[in-house]
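Listed here are the chains, written in short residue letters.
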Amino acid sequence: MPAVHVTTTVNGDRLDYVCESDETLLDCLRDRLGLTGAKEGCGTGDCGACSIILDGRLVCSCLVLGVEAENREIETVEGLAEGDNLHPLQRKFLEHAALQCGICTPGILMAAKALLDRNPSPTEEEIRFGLAGNLCRCTGYDKIVRAVQDAAKELQGA
Amino acid sequence: MRYEAPVSLEAASALLAEAPAQSFVLAGGTDLLVRMKGGFVEPELIVDIKHIPDLQELRLDKDGFVIGAAVPCAALGENVELSAQWPGVVEAANLIGSKQIQGRCTIVGNLCNASPAADSVPALVTAAAKVRIRGRKGTRTVAIETIPVGPGKTSLAKGEFIEAVLLEKRRPRSADAYLRFIPRSEMDIAVVSAGVDLERDKAGVITKARVALGAVAPTVMLVEAAAAAIIGSKLEDKALTALAEACSAACQPINDKRGTVEFRTKVAGVLARRAAQIAYQRAGER
Amino acid sequence: MIGTKPQGERVRVTLWGSLRSAAEGRDTVEVEAATIRELFSRLGKSYPGLKPFIDRGIAVSINGQIFRDSWSQSIPKGAEVYLLPRIAGG
Amino acid sequence: MPLDVKPDLKREFDVVGTRPLRPDGIDKVTGRARFGADATAPGMLVGRILRSPHAHARIRGIDTSKAEQLAGVKAIITRDDLPDHSNGDRATYDILYNCMAREKALYEGHAVAAVAAVSAAVARQALKLIEVDYEVLPHVTDVDAAMKPDAPVIHDDIFTEGVEPKPDKPSNVARRSEFGHGDVEAGFREADVVISRSYKTEATHQGYIEPHACLASVSPDGSGELWVCTQGHFMIRNVSSQVLGMEISRLRVTASEIGGGFGGKTHVWMEPIALALSRKANRPVKVVMSRDEVFKATGPTSSTSIDVKIGAKKDGTIVAAEAILRYQGGAFIGSWADLGAMTAFACYDLRNVRTVGYDVIVNRPKTAAYRAPSAPMAAFAVESTVDELAHKLGLEPIDFRIRNAAREGTRSSYGPTYGPIGIGATLSAAKNHPHMSAPLGNNQGRGMACGFWFNFGGQTCTSLNINLDGTIALSVGTPDIGGSRASMCLMAAEELGIPYEKVRCVVADTSSLGYNDVTDGSRVTFSSGMATILAARDAIKKLCGRAAQMWGISEEAVIWEKGYAKPAGPNAGEFPPLSLKEIAAAAATTGGPIAGHHEFNADGAGVSFATHIVDVEVDRETGATRILRYTVLQDAGKAVHPAYVEGQFQGGAAQGIGWALNEEYVYGEDGRLQNAGFLDYRIPVCSDLPMIDTVILEIPNPKHPYGVRGVGETSIVPPLAAIANAVSNAVGVRMTHIPMSPPRILKALEGRS
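Chains as they are written, first to last, in this note's numbering: chain S, 1 to 158; chain G, 1 to 286; chain X, 1 to 90; chain W, 1 to 753.
Looking at chain S on its own, in the form it has when it is part of the complex (with noise of 0.2 angstroms):
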């Protein structure tokens, strides 16, 4: 089966590019697109370090194929700031120091973007269960919910 072309938008740009069939998003933004802000940390949809945001829902890029994004709107981390004023997660999270390593970071700056796009104002449980799809091997996980609380707050203007 000869490479496919598929045109799509990322962040708001429309791109092209060229992949198997059989290749995932994930290895198509990283490796035909240069977005390597989606990490893969098991390519088996466990860990969540590859999470984007595909049609206003967050999914596992390793689990969608990169012929299926032809025409879709996609979300990344390198999108989320506007020019040079970070969002306020990741504001957030670098005052909380809601990072050690930063491997799962963007995968979970994606799902705390896409948690507080459909609730505002989560609760502490909220938050943990929103997140619980994105591991995190260095901090526990309590700066994290600090920072998303926090966000959250700034977001509804508090």
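Using 27 angstroms as the maximum straight-line C-alpha spacing, the simulated DSS-like pairs for lysine-lysine come out as follows:
(1) W:K581 - W:K542
(2) W:K581 - W:K502
(3) G:K208 - G:K234
(4) G:K50 - G:K153
(5) W:K166 - W:K148
(6) W:K200 - G:K257
(7) G:K37 - W:K66
(8) X:K77 - X:K45
(9) G:K37 - G:K257
(10) W:K392 - W:K314
(11) W:K66 - W:K104
(12) W:K148 - W:K309
(13) G:K238 - G:K208
(14) G:K130 - G:K50
(15) W:K392 - W:K747
(16) G:K37 - G:K153
(17) X:K45 - W:K166
(18) G:K257 - W:K747
(19) X:K51 - W:K166
(20) X:K77 - W:K6
(21) W:K200 - W:K747
(22) W:K392 - W:K313
(23) W:K148 - G:K257
(24) G:K37 - W:K128
(25) G:K130 - G:K208
(26) X:K51 - W:K169
(27) W:K747 - G:K238
(28) W:K104 - W:K169
(29) W:K581 - W:K562
(30) W:K10 - W:K502
These are calculated hints, taken from the structure and not from any lab test.
Could you slot chains G, X and W onto chain S? The hints should help.
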């Protein structure tokens, strides 16, 4: 590997009819792509059904709910009417994987992956759900429990695929509930699971019941004896104990990396009892 | 030894369990040494059984402080000296 | 040359102890940070490794001819491409053998061959075409089974060391070690109460979310570049060049951002393979491990089997303590039982103590360190027994520990006498902490435990260069896993007396600095921090010299204060202070670039203690355990950046919780790992844990200019025992097998009733 994205049911079933042996339907892909990554399957053809309008619909018509095969589980939880009438089914569907998985996986995919531990299947079985299957010669509708026949195997004939899951309207004074045991609080495959659907009369006596267990046999198990144990009762302790014992007796679990025979046998009864109490309490509120 | 350096202090060295079999079963030995380097070279001569352990890397505790490689470290008079396995971190 | 590193205990710090944003944070929250797998190079090939499906097999032959013909395959290597350059050094030979199997495949997942191809698909296909002629041999994976006389012997050239008389038959027991003092038999006779129990812990993995990855590029003249995620790129350079017979200067290694390590990336895994493939193909080769490979073929912990016996008088004084510790170190010689035997009773002041360690070889991957390696398992066994003994004596667990805790002057169970140590402080802080007296519901229980770990210093080299505009370029050689660059900038800024933002810290590659030991042993803030402070002092001396030149006075008449050179002393003369910026601007005219360096083998790291308190709730009907509340109390000496100190406490506790409740390597009868993935190797998820409260104690370390102690490892030691004690307190079953999974707890509950 050939990838096709038909936009009509006819095109899809035509593709699948003369498809090579190693061909698969793609909806959420959260099982299929894992098996591809692990090298367990190397598809020659993938038919992506997410571009067929009918399959993307979740609607309530006069006979009940029609849940299209391409509707992601997350959408089930967001449907107020479905969540109100079938909380057990929605609970089960929303336990699959994580938020990321929920955005993609479908209950038909969960059903056709035919894992003994599939989360949504016990709840759909207690709900007496049906599935509409499309083949070359048109469609047929069957009870959902006839689909899985063994780990990884379904009763679908070559070229057939499931269009929708059909759920009746919720009968008055009836409700369902689903519980599963996982060692963590999220992200796990059920070690053992139990679904209960029951109906009670005005006095609170249970008149109808269906009890199903997951991950304790090659396929989901409908346990008649467990239903019988609570019909005619108001879920007093004696009835609950009989329910738990009937479930444990029916189990034929295996020892594997996720759980032991003793554990699954005991906890099946515990979960069935707790699910029955939730369903009984929910039914009281309707 | 020709042109020997000034004699260091007599140092009492305690060996950990499995080294005893390499030092004729004794759990303490005495040797003259002013630094860890001298300690190792003299120990190796008087108790050849210890040489392979020393070559593979051994840690030395002097008054409770553990030194892994600093062989020029001096050994104060009357210090408590222990030989210990080389410790890996995580 | 003893350094003047004694801390000035009365010092008020300006920036050290504050919580600024880390200098490298923006890249990590915007996706720009480049980890191991994020690098590419022109003409790059994809490397893939063929691994043994058998736990133990002789490799009679490897036929790569079909694979060689596959279009797109550029290089294939096997053992024949890796001649033995170890010239008799067993440790180097074992590393070579572990990188690629030689005579035998020693564990499932052991590398057997490797391919470099134009695409992943071609590489995968090529691996299928390589035919390996295996003679499957009997295997053993359990530590106790491997010690039985009838167990299959894995290495016929290993004879148990540390045993008299010297054995003449090869054995899976590589080494026996012993520590302790006094007369334990006499002590047990004197005891009123004696408890002895046997414990087992299963193997766990560090669980870093970033799989190993590297990009190697070696040219025909033998010079090479390697981009790799590692805790020690200098170690990678030394070991890779040794294994491949390259001269060290030929290889330059750059440490990428590292996606977690915890000791698991302190070793060489597939880096020599990538270099060898690149050398043969004469093109860059990128090798990225799958998660399955990370579980099967990197460095999990030992699994252990430990017997503990402790005796005490009615008044609560421990009079005798003994532990026999059996640790498997995978298919190669390790000294993990040594560490277990040394740390087991290290928290206690004991008259009679004896610990015996057995390092055992099995058909499993080569064990690597995992955060205070070997200590959590030994602490689980000892702290569980101590807890049970406290209850038997009718004493509060915390009081029983305070009574027997080690203190300054205590002879440690591994030998040397302790100097000033922090365990007493953590215990009294725990005793007075509100968590210790908070109410508990039914099926809920509280547990506590203590933990000990050696910290150490190690070889460190740091350079601090002053830029024209007075800003600082700080180069350290210790990869930054948990935010240490922020601490380095804080210490440099503090010593120079300039704002934190004026310092930029980078982790330099191996051609820009002298040798640095691996980032491990909780050493970075201690050693690289001390080197940074001393490099800053070196720079300050030079800055004062330059100021003296500018003022035309003698160097001795110039002092440095809060970022300024000032004239001082009787005949110094009146000059307005010169800022660092002003001196830097004039550098060209006063002698050229100004820099401070420091290279040394840091010592005096001192030992580290922690006390943990945990509340759990156990579901009696399913055996599931939920963590309700968790408190970590640990001594940091001086918390340079408190947020990242808290992060180490919380991260260690979370890993301990996962180890205690869910994580384990599950092996089948066929010697194969059954759960090589994050679905069935379950590390804690966000919804599993409560907030983790931390208490930082600051008892200054006299051997560091700012009093710093390492904090990175100790907090993984107490959780296993603390949770076991909490479960026992909640539902009255003493769990002796880690992890305390629901099936095990349920079985224990049913066994008891």
